[in-house]
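Participant: Listed here are the chains, written in short residue letters.
2 protein chains.
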Amino acid sequence: MTLSTQVRLARRPEGEPTDDSFAFVEHELPPLQDGQVLLRVVYLSLDPYMRGRMSDAPSYADPVELDHVMVGGTVCVVEESRHPEWAVGDLALSYSGWQTHDISDGTGLRRLDPSVVPVSTALGVLGMPGFTAYAGLLEIGKPQPGETVVVAAATGPVGSAVGQIARLKGARAVGIAGGAEKRRALLEEFGFDVALDHRSPTFAEDLKAAVPDGIDVYFENVGGPVAREVFKRMNLYGRVPVCGLVANYNATSAPEGRDRQPAFMSLILTKSLTIRGFIQNEFTKSHGRDFVREMSGWVADGSVRYREDVSEGLESAAEAFRGMLTGRNFGKALVRVSPDPTL
Amino acid sequence: MTLSTQVRLARRPEGEPTDDSFAFVEHELPPLQDGQVLLRVVYLSLDPYMRGRMSDAPSYADPVELDHVMVGGTVCVVEESRHPEWAVGDLALSYSGWQTHDISDGTGLRRLDPSVVPVSTALGVLGMPGFTAYAGLLEIGKPQPGETVVVAAATGPVGSAVGQIARLKGARAVGIAGGAEKRRALLEEFGFDVALDHRSPTFAEDLKAAVPDGIDVYFENVGGPVAREVFKRMNLYGRVPVCGLVANYNATSAPEGRDRQPAFMSLILTKSLTIRGFIQNEFTKSHGRDFVREMSGWVADGSVRYREDVSEGLESAAEAFRGMLTGRNFGKALVRVSPDPTL
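Chains as they are written, first to last, in our numbering: chain Y, 1 to 343; chain B, 1001 to 1343.
Think of the hints as simulated: they come from the structure by calculation, not from any bench.
Mixed in with the good hints, there may be bad ones.
[Said to hold, decoys possible] Distance condition first, Cα-Cα at most 20 Å in a straight line; then the derived EDC-like pairs of lysine to aspartate or glutamate:
id, chain 1, residue 1, chain 2, residue 2
1, B, Lys1271, Y, Asp62
2, Y, Lys142, Y, Asp259
3, B, Lys1271, Y, Glu282
4, Y, Lys271, B, Glu1189
5, Y, Lys232, B, Asp1259
6, B, Lys1271, Y, Asp56
7, B, Lys1169, B, Asp1197
8, B, Lys1142, Y, Glu282
9, Y, Lys142, Y, Asp56
10, B, Lys1232, Y, Asp259
11, Y, Lys208, Y, Glu189
12, Y, Lys271, Y, Asp213
13, Y, Lys142, B, Glu1229
14, Y, Lys271, Y, Glu282
15, Y, Lys271, B, Asp1105
16, Y, Lys232, Y, Glu189
17, B, Lys1169, B, Asp1301
18, B, Lys1208, B, Asp1197
19, B, Lys1232, Y, Asp56
20, Y, Lys271, B, Glu1139
21, B, Lys1169, B, Asp1259
22, B, Lys1271, Y, Glu139
23, Y, Lys142, B, Glu1139
24, Y, Lys232, B, Asp1056
25, B, Lys1232, Y, Asp62
26, Y, Lys271, Y, Glu319
27, Y, Lys271, B, Asp1301
28, Y, Lys232, B, Asp1062
29, Y, Lys169, Y, Asp213
30, B, Lys1232, B, Asp1206
31, B, Lys1142, Y, Glu139
32, B, Lys1142, B, Glu1294
[To be verified] If the Cβ cut is set under 7 Å, some of the chain Y residues that face chain B in the computed set are:
id, residue
33, Arg12
34, Pro13
35, Gly15
36, Leu245
37, Val246
38, Gly257
39, Asp259
40, Pro262
Glycine residues also receive a C-beta, built at the ideal position from the N, C-alpha and C atoms.
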């Protein structure tokens, strides 16, 4: 008999999720059937979209139901197998959510090879966040050589990939992040051309100085005041892939001040901007194969680097999740739920 | 010696243009030089974009300078010619603006053939407004058979063309206009599938009932409260060509109420919408030829109909312009500046 420790959605948060939003439950898994595998979760991915799933506002995906396990991508190791294609010790990408163990009939599992790259990258640079950056930037942003690409939350798994891919395509990459340490990482680790600290009191002027030729592509993953400054500098025919708005996710009311919507529409009109929302899975069929090939190559040869921010133990997930929503993480937010057998 | 009566920009309006915004001036034209033609303006086009040119806010085009002639498309007849390619009596599309006479060296003149269609159509359905509808709808809106296309100001030259082209492409056309008479024209003259009166107290419910399958394309030319209702009904992957925001043009301050911008961005994200501002001339090279061919055919065979709202005399231009900005026109707004020699 296996117990899975689960983090379930206890109540829908108003604003920032609190400890009360989650409940820890010891759940007894049923005995393994023929065709099933027992998975032990090694890494749990923490991603901004999860905040949306905690709310029951209409969205592109159904909310997590109350008293159900929080959803999430995971890297697992097979602990027991009655499935012909999976052996004990195999590593798999799965969508097991916030828990320590899971049973699967193999549907949706993807085999991971720990000899090529660390398996945790399947949740980051070579997984959903990396693909979000790749597809959104190339298909919607379409950066041209010499153009200026701006991205915020730029040390995060999406932002850092956006900047590095932009540079690989010959564009100039301007990264925005919070604090001097992240700013330094943008320049030294990720090779951005310019790095800006959005917490600086001179951020607006810094941004203006950083984009003397204006902004051609703004990869939108934050929203809020940072986005407002960026939009002022958009060039004619600028493109804005909208993949996230993390600044809004915990918001409980509209921001102070006047209605900025009419001015925003005027900007779209006078600058002939393209604003395009997307979820990465729209592009899986059209770009998934290219992504795996190109991005694996870039990671392998070091032209795309990544950074992980690993919290230890499932009990750290809620706090790490809150931190990620407010930018306290530094790199791809992961929870090491149990020891990584490949390390 | 020829006098041109000119309407000049006397002061930049705050809100709706007043009579004080314009000045009538008798301007003495210089003697005709070799290579020049003297044009008598027959029709002046009144278009919403002109309101933007009266302001000095940054935009896609430079503002009209104070004490300069108001800009505008015109149909002219050649009154005198020292140009080898133009003869007295020839008809030309020009950009002579709000005045009775103009001198041209032929640059930018397009010959009009009155034997095919009325020359005034060069300012409407077969001119800039028609091309705006054609290029914006087909290139950005991309309506598919069976999809639902919504357009407001739908009896205007852009809106009526959008609805009719949408139907020619197999889509369902929902038109929005102000008042029962315009609503009737949408159904009876222009063949929209559904016509809605935005002044009706039940407009929101009427719209909901009119689009049981949601909205795939919203051709944005009005903005304001109408657009807000439409956006609520957008489908996943909906497309919004933004060609105008006439509801905002006279606005002197942001509308009452909370900031709708964050919710708008969330909608773009959760519905994977494409919002794309454009000015028709972006598409002249790529779509101009197709437009002339297809649209001339449709007008000639009656599959695209048009309606004109003609004011008499240049002295009526200011009042007619104000009326157009608030929807009092009924069809393409034109000023007959002098008698049409082809009638």
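Participant: Does each hint fit the structure? Answer for all of them.
Facilitator: Hints, one by one, checked against the model:
no. : hint                  : result
1   : B/Lys1271 / Y/Asp62   : holds, 13 Å
2   : Y/Lys142 / Y/Asp259   : violated, 31 Å
3   : B/Lys1271 / Y/Glu282  : holds, 12 Å
4   : Y/Lys271 / B/Glu1189  : violated, 35 Å
5   : Y/Lys232 / B/Asp1259  : holds, 17 Å
6   : B/Lys1271 / Y/Asp56   : holds, 16 Å
7   : B/Lys1169 / B/Asp1197 : violated, 24 Å
8   : B/Lys1142 / Y/Glu282  : holds, 18 Å
9   : Y/Lys142 / Y/Asp56    : violated, 34 Å
10  : B/Lys1232 / Y/Asp259  : holds, 17 Å
11  : Y/Lys208 / Y/Glu189   : violated, 24 Å
12  : Y/Lys271 / Y/Asp213   : holds, 14 Å
13  : Y/Lys142 / B/Glu1229  : violated, 32 Å
14  : Y/Lys271 / Y/Glu282   : violated, 27 Å
15  : Y/Lys271 / B/Asp1105  : violated, 32 Å
16  : Y/Lys232 / Y/Glu189   : violated, 28 Å
17  : B/Lys1169 / B/Asp1301 : holds, 16 Å
18  : B/Lys1208 / B/Asp1197 : holds, 13 Å
19  : B/Lys1232 / Y/Asp56   : holds, 17 Å
20  : Y/Lys271 / B/Glu1139  : holds, 17 Å
21  : B/Lys1169 / B/Asp1259 : violated, 37 Å
22  : B/Lys1271 / Y/Glu139  : holds, 17 Å
23  : Y/Lys142 / B/Glu1139  : holds, 17 Å
24  : Y/Lys232 / B/Asp1056  : holds, 17 Å
25  : B/Lys1232 / Y/Asp62   : holds, 18 Å
26  : Y/Lys271 / Y/Glu319   : violated, 41 Å
27  : Y/Lys271 / B/Asp1301  : violated, 37 Å
28  : Y/Lys232 / B/Asp1062  : holds, 18 Å
29  : Y/Lys169 / Y/Asp213   : holds, 18 Å
30  : B/Lys1232 / B/Asp1206 : holds, 13 Å
31  : B/Lys1142 / Y/Glu139  : holds, 17 Å
32  : B/Lys1142 / B/Glu1294 : holds, 16 Å
33  : Arg12                 : violated, 17 Å
34  : Pro13                 : violated, 17 Å
35  : Gly15                 : violated, 14 Å
36  : Leu245                : holds, 6 Å
37  : Val246                : violated, 11 Å
38  : Gly257                : holds, 6 Å
39  : Asp259                : holds, 5 Å
40  : Pro262                : holds, 5 Å
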